[in-house]
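K.L.:
Listed below are the residues making up each chain.
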Amino acid sequence: MRKEGRNILFIFIGVALCAFVIGFGIWNKPHSDVKDADAVETNAISLYNSFTSDSAKAKSVFLDKIIKVSGVVEKVLVNQQQQQIILLKTSVSGASVNCTMEQNRNKIKQGDKVVLKGICSGYINGDTEMGIPGDVFLIRCYPSI
Amino acid sequence: MKRVVITLLVIIFCCSYCNSYSQLYFTKNGRISFFSKTSLEDISASNNQVLSVINMQTGAIQFSLLNNAFYFPKAKMQDDFNDNYIESNKYPKSTFTGTITDIGTINLNNDGNYQVHINGDLTIHGITKNITAPGTINIKSGNISAAASFKVLLTDYNIKVPTIVTNKIAKEIEVTVSCNYEKK
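Protein sequence lines correspond, in order, to chains A and B. Note that the working numbering has the first sequence beginning at 1, numbered continuously upward. Note that the working numbering has the second sequence beginning at 1, numbered continuously upward.
It should be emphasised that the hints constitute simulated quantities derived from the structure, not laboratory data. As the structure is a prediction and not an experimental result, all values here were calculated from the model. The C-beta atom is built at its ideal place from N, Cα and C for all residues, glycine as well. Misleading hints may appear alongside valid ones.
Claimed, not checked - DSS-like mimics (lysine-lysine), calculated; alpha carbons at most 30 Å apart, straight line:
| # | chain 1 | residue 1 | chain 2 | residue 2 |
| --- | --- | --- | --- | --- |
| 1 | A | K29 | B | K76 |
| 2 | A | K35 | B | K76 |
| 3 | B | K171 | A | K29 |
| 4 | B | K37 | B | K160 |
| 5 | A | K65 | B | K76 |
| 6 | B | K93 | A | K29 |
| 7 | B | K168 | B | K76 |
| 8 | A | K113 | A | K89 |
| 9 | A | K29 | B | K184 |
Claimed, not checked - Per label pair, the in silico range of CB-to-CB distance:
| # | chain 1 | residue 1 | chain 2 | residue 2 | range |
| --- | --- | --- | --- | --- | --- |
| 10 | A | G131 | B | D102 | 39 to 49 Å |
| 11 | B | N119 | A | D36 | 39 to 49 Å |
| 12 | B | D156 | A | W27 | 38 to 48 Å |
| 13 | B | D102 | A | V78 | 28 to 38 Å |
| 14 | A | D38 | B | H117 | 46 to 56 Å |
| 15 | A | V15 | B | P134 | 37 to 47 Å |
| 16 | A | G14 | B | D80 | 20 to 30 Å |
I would like the entire structure built from these sequences, with the hints used as guidance.
P.N.:
Right under this line is the structure:
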């Protein structure tokens with residue numbers, strides 16, 4: 001009887017320990033590995049056009065997905081967190097594919113042809129009345145080799 | 001005579017239109033972050049892809065961001081935020097449209113920090129509420145930056161917290177806004 005009680009206690013402790021380890025693992029799971037993940041390939045002009053012409057379709061293909069986008073650098077900026085922002089040219093003046101880099105790459109400059117990999121967070125429409133077009137945004141970007 | 005008056009009116013209209021446009025400032029990489037202290041774990045996240053436009057003549061100000069662009073230190077927190085709390089698929093954007101009520105106190109030619117008040121409609125999770133918050137506009141050599149901080153009550157925006165953690169998650173979160181603008 002005593003041995004049986006001890007076995008139940010061990011099973012209980014074992015289950016609790018497993019639950020804790022699984023829970024801890026889920027709670028501390030790392031962010032997705034953008035750098036080495038497979039990606040949907042496109043270029044900046046068609047990515048931008050797909051969001052402005054058929055938003056629903058663009059969302060189903062690109063939203064929250066890791067994408068590899070090629071394009072020409074329009075401008076290189078730095079945000080308040082000192083992260084590099086690379087704006088890729090689109091067919092609309094003043095509109096870009098707006099890429100926030102995970103690691104700064106000082107070599108990238110205006111006019112360069114680049115291929116960047118990042119997570120597509122979507123499109124924010126600007127203010128057309130005020131002549132400010134929207135951008136398509138990518139976060140956690142890396143240069144693709 | 002009639003032609004002269006019409007020409008003058010057109011010139012005046014064009015000048016005021018151009019002047020209004022010349023007072024436009026915008027950013028597409030502003031920052032909005034939030035923080036909530038809880039007994040379980042502090043929750044913080046930031047979004048560095050905020051689109052904001054200010055008209056320094058009228059005081060009109062707007063912000064727009066994609067909810068799924070908030071970055072959390074923990075991936076699980078980010079997943080829970082997008083899937084269970086803010087429901088990013090259903091409500092992809094959060095916006096604010098309002099006015100700097102004391103825009104008249106700001107002199108673009110005079111560098112310094114100007115304490116202002118911002119009033120307008122904040123839309124989160126598909127619900128719009130009118131809010132007023134204090135803010136600071138900084139003018140430095142013609143460059144403009146803005147900062148503001150305010151609290152958001154989760155229940156005001158119908159953001160439901162699972163019952164199991166209700167008592168462990170703060171009912172209001174502190175939102176901080178910080179944008180550096182460029183001239184249109």
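K.L.:
Against each hint, give a clear statement of whether it holds in the structure.
P.N.:
Each hint, compared with the structure:
1. Taking the CA atoms of K29 (chain A) and K76 (chain B), the gap is near 7 Å; set against the 30 Å cutoff, the hint holds.
2. A distance of roughly 20 Å separates the Cα atoms of K35 (chain A) and K76 (chain B); the hinted pair therefore holds under the 30 Å criterion.
3. For a cut-off of 30 Å, the pair hint linking K171 (chain B) to K29 (chain A) stands: about 26 Å separates their Cα positions.
4. Restraint check for K37 (chain B) and K160 (chain B): satisfied, since their Cα atoms lie roughly 17 Å apart, inside the 30 Å limit.
5. A distance of roughly 17 Å separates the Cα atoms of K65 (chain A) and K76 (chain B); the hinted pair therefore holds under the 30 Å criterion.
6. For a cut-off of 30 Å, the pair hint linking K93 (chain B) to K29 (chain A) stands: about 26 Å separates their Cα positions.
7. For the hint linking K168 (chain B) to K76 (chain B), the alpha-carbon distance of about 17 Å falls within 30 Å, and the restraint holds.
8. For a cut-off of 30 Å, the pair hint linking K113 (chain A) to K89 (chain A) stands: about 10 Å separates their Cα positions.
9. Distance check on the hinted pair: K29 (chain A) and K184 (chain B) sit about 42 Å apart at the alpha-carbon level, beyond 30 Å; violated.
10. Checking the proposed 39 to 49 Å range against G131 (chain A) and D102 (chain B) shows it is violated: the Cβ atoms sit about 27 Å from each other.
11. Remark: the range hint 39 to 49 Å for N119 (chain B) to D36 (chain A) is upheld by a beta-carbon distance near 47 Å.
12. One distance hint, 38 to 48 Å for the beta-carbon pair D156 (chain B) and W27 (chain A), is violated here, with the actual separation near 28 Å.
13. For the pair D102 (chain B) and V78 (chain A), the supplied restraint of 28 to 38 Å holds, since their beta-carbon distance comes to about 31 Å.
14. For the pair D38 (chain A) and H117 (chain B), the supplied restraint of 46 to 56 Å holds, since their beta-carbon distance comes to about 49 Å.
15. Between V15 (chain A) and P134 (chain B), the C-beta spacing of about 52 Å breaks the proposed range 37 to 47 Å.
16. Under the hint 20 to 30 Å, the C-beta atoms of G14 (chain A) and D80 (chain B), about 28 Å apart, fit the expected range.
Checked against the numbered hints given earlier, the structure breaks hints 9, 10, 12, 15 and satisfies all the rest.
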